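For the sequence shown, our numbering begins at 1 and goes up steadily by one.
Please note that a few of the clues may not be correct.
Stated by the list, open to error - Simulated pairs of lysine-lysine, BS3-like, Cα-Cα distance not exceeding 25 Å:
no. : residue 1 : residue 2
1   : K43       : K116
2   : K44       : K116
3   : K174      : K163
Since the hints were derived computationally from the structure, they do not count as laboratory data.
Quick caveat: nothing in here was measured; it's all calculated off a predicted structure.
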Amino acid sequence: MIIIGDSFCHTQDQEWAWPNLLNADQVHSYPGACEYRLWQKAKKFTRYNNVPLIFVHTSPFRIHTDHNTFHNDEIYSDSDIVITDALDKEGHPDIEHLRWFVKHCFSQQYLIDIHKLFLVELLQAFPDALHISWFNQPLSNITKINVETTHHLPCHMDKVNNKLAYDQIIKCLK
Numbered sequence: 001m002i003i004i005g006d007s008f009c010h011t012q013d014q015e016w017a018w019p020n021l022l023n024a025d026q027v028h029s030y031p032g033a034c035e036y037r038l039w040q041k042a043k044k045f046t047r048y049n050n051v052p053l054i055f056v057h058t059s060p061f062r063i064h065t066d067h068n069t070f071h072n073d074e075i076y077s078d079s080d081i082v083i084t085d086a087l088d089k090e091g092h093p094d095i096e097h098l099r100w101f102v103k104h105c106f107s108q109q110y111l112i113d114i115h116k117l118f119l120v121e122l123l124q125a126f127p128d129a130l131h132i133s134w135f136n137q138p139l140s141n142i143t144k145i146n147v148e149t150t151h152h153l154p155c156h157m158d159k160v161n162n163k164l165a166y167d168q169i170i171k172c173l174k
């Protein structure tokens, strides 16, 4: 099994994280990634010998960037800009630039439309994959995983909610 997605599949090597419970052969986790970045990564994959593939789709409200100045930690250093997270960084030297962008350039509908285009492309390119998300998605053929989330934990969930996510995903795979 191969899993490609955002931080909701980032296990931090905890055996109780849902991708590890599935015994995934490969987990390609890109914390803070926008759908564009996931689409770019997915183009490198082809299915061999009917290996199951799971896509973990992300929030449409992330701004792609080649250099995210709002994060310098190991996990999120190559992430895109998660708007709500970045706006909470009072005192950051780039906060006024982001506020200006959000005020004058940000279009929620544009981000949703672009996100939807990438989703359609991924669904067409990988029709046999399981497509899941923890976020509401503009397409109904992406399964929403409903669990309680907590930041800064493997896959943003504690042990109990990772197991609940695993149970929902197993049902989808059957």
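Right, here's what the structure says about each hint:
no.: 1; hint: K43 - K116; result: holds, 17 Å
no.: 2; hint: K44 - K116; result: holds, 20 Å
no.: 3; hint: K174 - K163; result: holds, 17 Å
Checked against the numbered hints given earlier, the structure satisfies every one of them.
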